[in-house]
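Enquirer: Sequence:
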Amino acid sequence: MEGVLDSQLLDRILSSVEKPARYMGGELNMTQKKDAELRFALAFPDVYEIGMSHLGSRILYHVLNAREDTICERVFAPWPDMERALREASAPLFTLETKRPLAECDVIGFSLLYEMCYTNILTMLDLSGIPLRAKNRNGSVPLIVCGGPCACNPEPLAPFVDAFLIGDGEELIGEFADAVLAAKRQGMDKPALLRALARIPGIYVPSFYEAVYDAAGHFTRIETTEPGAPARIVRRVLKDLEHAPYIGEPVVPYMSIVHDRIALELFRGCTRGCRFCQAGFIYRPIRERTRATVMEQARALISCTGYDEVSLFSLSSGDYSDIHALVPEILDEFETKRVSISFPSLRIDSFLKDDLERMQSVRKAGLTFAPEAGTQRLRDVINKGVQEEDLLRAAKDAFETGWNSVKLYFMIGLPTETEEDLLGIADLARKVSALFYSMPKEKRGKGLRLSVSASSFVPKPFTPFQWEPQDRKETLVEKQKFLRAALKGIRGAEFSYHAPDISVLEAVFARGDRRLADVLEHAYRHGARFDSWDEHYKQSAWEAAFAESGLDPAEYAHRRRTPGEPLPWGHIDMLVTEAYLMRELSRANAAVTTKDCRAGCNGCFGEKYADYCKV
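Numbering (this note's numbering), first residue to last: 256 to 870.
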């Protein structure tokens, strides 16, 4: 096939890297198309093991390949040994399915899940011989598009990207593909194609907009520069999840991946309203699949993959309306195949004792609970909506049904946090440990493994805390040391946390504007890669990049913003109104909770989008 990487060259490259299975392709259920009119490279800017665990990419892979006119192939960020091997061989980055160089595709679509993957996008473009900046690319190179949760603030990546797809991918990808195919058939040039894309609701073409700053360098507004480009880009919502396409026959990797199991999406969205949680706001409203549909998907996926573990996947799977019927039905139907069930994490106010007892009878892994904060006052500030007795009951239920490995997930640096709140984390861990060891030896596991994880709060767009400052690195370090000391001596407890440097940089890009593109490119040129990986993170590269760009990261991460001030992402409409977020911030400062949406509408969409809650 024309353009395919030479097999002998490929063999030499793969023989020189640590994990060649990341780049080989040929897995079970891989799409076997040789070519199609539209060539779409589905790009994930992290390592294969993480990208292959991403449910959204698997859905789009199936949806696009279901089209006769489209071939969708996968590509992942090459690990540093593979990047080095490609550069030494002067070979381009290629797709897994046909070993086609990325530059020969029509579209390269990146999934944006995490801000710390942005430099990997530049790596992948550079290795493909594609100019980094959109203004330097003509119609002879692939169209570069992005989607995913980080696309809700597209500005830091705007100069590198031709178009952003805002919202549910299944709802938007078909119209996007149709527009690109129509342009290709009609011989449109790139500007004409971009104008056509900008007319599709939910697609943001950043070259049609300009960021404006005042004399002091503060962001003031986004102006449209192209007639007809919408002033606001409104998120697209998949209204009917029940009948939406899913993942078909998913690709089964040759190697272990992060989530090496079947993922069954029970519902999309969340009704809880935790004030720090971006996903809880940008994926509203909640949309469920029926138990019959979930079971149908479970049967099909178990049959075509051979997996014996099912993950019940959602933002809060314990809130699924039919959870207590679903768990035993899966376990009963697949009892002879020894199929087990896992939850990504459990609400500590979910009553699942009977389900946990059934689950551990098949296979027992760890359980994750997320109290988030150590005191009730702070849990009310963040609207977590759970009590200490909920956690202790959940832990007791788990221990009594045979579990002995529990992870407690907290955040430090939350708005209004005090020393008492940090001590509360240790106090909760101590009470959980005491619960386990107070049980008779014959009724408990061999030993408690209590993992206490503390991530650093990152203010995110489209949350009530989007205006709040993040703690400075020095403060986060001191809080981590304080908490480690407070946890010392708690039987069975292990403490883990995230590197503060990375958390600060995440906040910078989460709330950043278009000027950060220069910082990103400078950091890439200084060797920044895989910034979410501690062993590859290069603080020196980022310090040099900010210095060269004349920007202060503290301005983005640590400055408290005034509600009502212009925000770089203000032209993106994720449906939840700014007035609602401001009201939630006010309630947070008063430590007043807001009820679960299931108990009655809180009006987060306002009058304009009120009908979305009825989907």
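If you are wondering where the hints come from, they were derived from the structure by calculation, not from laboratory data.
For every residue, glycine included, the Cβ atom is placed at its ideal position computed from N, Cα and C.
Accuracy of the hints is not assured; some may be wrong.
Cross-link-like lysine to any residue pairs, in silico, SDA-like; alpha carbons within 20 Å at most [stated by the list, open to error]:
{"hint": "1", "residue 1": "K354", "residue 2": "G384"}
{"hint": "2", "residue 1": "K288", "residue 2": "C559"}
{"hint": "3", "residue 1": "K698", "residue 2": "E674"}
{"hint": "4", "residue 1": "K390", "residue 2": "E465"}
{"hint": "5", "residue 1": "K289", "residue 2": "L260"}
{"hint": "6", "residue 1": "K686", "residue 2": "G702"}
{"hint": "7", "residue 1": "K728", "residue 2": "E674"}
Ranges between beta-carbon positions, derived for each pair [what the hints assert, rightly or not]:
{"hint": "8", "residue 1": "Q642", "residue 2": "F737", "range": "20 to 30 Å"}
{"hint": "9", "residue 1": "S511", "residue 2": "Q287", "range": "37 to 47 Å"}
{"hint": "10", "residue 1": "E655", "residue 2": "G744", "range": "23 to 33 Å"}
{"hint": "11", "residue 1": "A689", "residue 2": "F737", "range": "19 to 29 Å"}
Enquirer: It remains to establish, for every hint, whether it holds in the given structure.
Expert: These are the hints, each one checked on the structure:
1. K354 to G384: holds, 16 Å
2. K288 to C559: holds, 19 Å
3. K698 to E674: violated, 36 Å
4. K390 to E465: holds, 13 Å
5. K289 to L260: holds, 14 Å
6. K686 to G702: holds, 16 Å
7. K728 to E674: holds, 17 Å
8. Q642 to F737: 20 to 30 Å: holds, 25 Å
9. S511 to Q287: 37 to 47 Å: violated, 24 Å
10. E655 to G744: 23 to 33 Å: At roughly 25 Å between Cβ atoms, G744 and E655 fall inside 23 to 33 Å, so the hint holds.
11. A689 to F737: 19 to 29 Å: holds, 22 Å
Violated hints, in rising order: 3, 9; the structure is consistent with all others.
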